[in-house]
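The task is simple: from the sequences and hints, build the whole structure.
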Amino acid sequence: MTPSITIIVPVYKAEKHLQKCLNSLINQTLRNIEIICINDGSPDNSLSILKQYAQKDSRIVVLDQINAGPSSARNRGLAVASGEYILFCDSDDFLELDTCELMQAAISEKRVDMVICDFNFIKENSEYTRPGMDWHRLNQFGYYRLTLDNMIQVRCVLCNKLYKSSVINNFRIQFPTDCGYEDLAFIGQYLCITESIYGLDRKLYNYYLHSESTMHQAFSVKNNLLDRLNAEQYIYNFLKTDNLLSEKNYYFFIDRFCYSIYWICHTFNDRKKSYETLVHANKILQGIDLDLYKDNDNTLILKKIKQKNYDIFLDDLLLLLNQQTTHKTNPKNKIKIKITTKIIQIIKSYLFWPYYIYRIYKTK
Amino acid sequence: MKISIIIPVFNAEKYLSKCLDHLINQSYKNIEIICINDGSTDNSLSIIQEFARKDPRILIINQPNAGPARARNQGLLAATGCYIMFCDSDDWYDEQMCERMLQALITRKVDLVCCDCTLTSDLENIGYERGESYCYLNQFGIYQLTYQNMLQVHSLIWNKIFKKSIIDRYKISFPDGFEHDDASFVEQYISCIQYLYGLDEKLYYHSVRKNSIMHNMYGNDDKIMQSLSTIEYDFKFIKNNNLLNSRNYYYITHLLFYRIKWVLMTVNLPDNKMTALNLTQKILIDFDLDSYPEDNYIDILKKIKQKDYSTFFEIQDEPTSSAIQDKSTLPLKKNKLFKKITAFLKSYLLWPYYIYKIYKKIK
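Chains as they are written, first to last, in my numbering: chain G, 1 to 364; chain V, 1 to 363.
Please note that the accuracy of each hint is not assured.
To be verified - In silico EDC-like links for lysine to aspartate or glutamate, alpha-carbon gap of 20 Å or less:
1. V/K302 to G/E195
2. V/K303 to G/D201
3. V/K282 to G/D270
4. G/K203 to V/D286
5. V/K303 to G/E109
6. V/K303 to G/D118
7. G/K240 to G/D295
8. V/K302 to G/D201
Note that these hints are calculated values from the structure, not bench results. Note that this is a predicted model, so its numbers are computed, not measured.
What follows is the structure in structure tokens.
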């Protein structure tokens, strides 16, 4: 009998938390599942733990490979999966016992293409804070048809979602193996093909926050941020080759690409690095047709970047980012900063006005 | 063309005779009078039985006390007429009511007729108290139902005549266990039809009493919240009957908007406001708010669906009096001249700064 849900678990150096994870999977209230664990060349005891569990429970399939990264591991899991629906689980997290049952019930009863659930965040130590995790919380409750507005709001976390394997197989959706942000790429591809989602307002995935998790590493090692644009490029190539560049998908991609640029620059918070980001974006944009549909604000911005017109963009961008960051700071400080910068500008102008006239004369 | 008149009866011995008397003396004779005795503990049953002995058109249904919704649903199941009307046991019909309503329904070729009423009471100053003005007819003549005029239809069932074929086809019923069940019945019914007629005649006599349901509602938060539960019933009805066309979509969403707004204004305990919003959010969970192009109200409902209640509280706090003047309505001419003078003075002082700005822009 075909399993209802295949749970794919990439495993790397996970001996500390692996047993808790696997216990939560084999004790799911929904029994008709398949658990595919891919050992990504772990140097510790992970593989022997997996083999132990596989001996006790025939629903567990263990695959072994030389270390190639979580994307490659998950792709292998997808190739082997036989379930009707796919769920991903990280080896240091664990599920609630009724996760599979509830999500499978939702996806079949509500007749949608994807079900999203909420998280429990479990902290390694109570002082640990990770900025931005709250943003990943469930923000869409119930049934949503995938319009452009709704697609953009879907958070790109891989593991709290139930996917249809028929969709993944028919369109050969894969994780990109040569860049980070593979969850963004996967979900972006998936949303462009499907029509409806359902937000299940239950905390069914237990996300373990600790300093060694790959997410945290990606966050702190800032030169990986540009991978986000590579992930968006991966989505574009997928849409192009599969002839999926409908108006909705096109604007979805454009909106996401712009947002990624803003987000990367905001995270760098540095003009030089932002400049490098734009150079990278420019390279990617050479392969993207920006005249496929009518222009909107975002396509105009991307066109400027494509033409290496960075400066005006950078000024606007940094102004926008400054406004956004100072929004959170003390309003009194904000006014002080504004006033002092203006005074400095006025004094400067009194000293240098002939020079400015000369430069204006030169350009005209 | 028989009309079935459904009357739920609960401990109505004081007024029941007058009600039944006016029914058996209707000018239109082809009627059946279905009395559902809802477990009355007084003489109501014997009064009905006495009338039934004299007039074979009266049907009696007995049930253990279960509320007017279930009583009326029983009445609908038992009815054999082509048309349905309702009557409350403490009100009464004008002698010509059945005749006039049926005549309007047939000659005007509509699916619903509403008439006006006369309010009577032993209380003083009735008519425009909370709830009572709602009884007066506000739509006169023929209407093709758009979502805007559907929102105007009052939720009373006793001033209307319905077609049984429509009730049966769409399985329209009273939601059990809530107040405002009659509102839900009307909301379901009008979602299924195209035309109504407002008959400008005071054919129904409604008596207003101190312990009437409307009086009991204000002040009782539970009962106010039930008006949201009944609209949930409407959503399910429209979905189950595949009636989500453009008109009904805007009707049901706007109805929900006005309903939640009313509930937020009327509940007494602040905690219940949050409960009401959460209940609204649950109603919207399985509903596709993107079925048709959005407008301001639907935009707010979308926010509620995402548990963003902020906008709604803003709307609530808006001052309702339009007497508050906008500050920017200074005499316009004065404003312009003032602006010109300040700009002129500014330029004398700040021209190097402007040059700096131009330089920056061009660079």
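Against the structure, the hints:
1. V/K302 to G/E195: Distance of about 18 Å is within 20 Å: holds.
2. V/K303 to G/D201: 16 Å, holds
3. V/K282 to G/D270: Answer violated: V/K282 to G/D270 is near 44 Å, above 20 Å.
4. G/K203 to V/D286: Roughly 19 Å separates the two Cα atoms, so the pair holds.
5. V/K303 to G/E109: 25 Å, violated
6. V/K303 to G/D118: Answer holds: V/K303 to G/D118 is near 18 Å, not above 20 Å.
7. G/K240 to G/D295: 19 Å, holds
8. V/K302 to G/D201: 16 Å, holds
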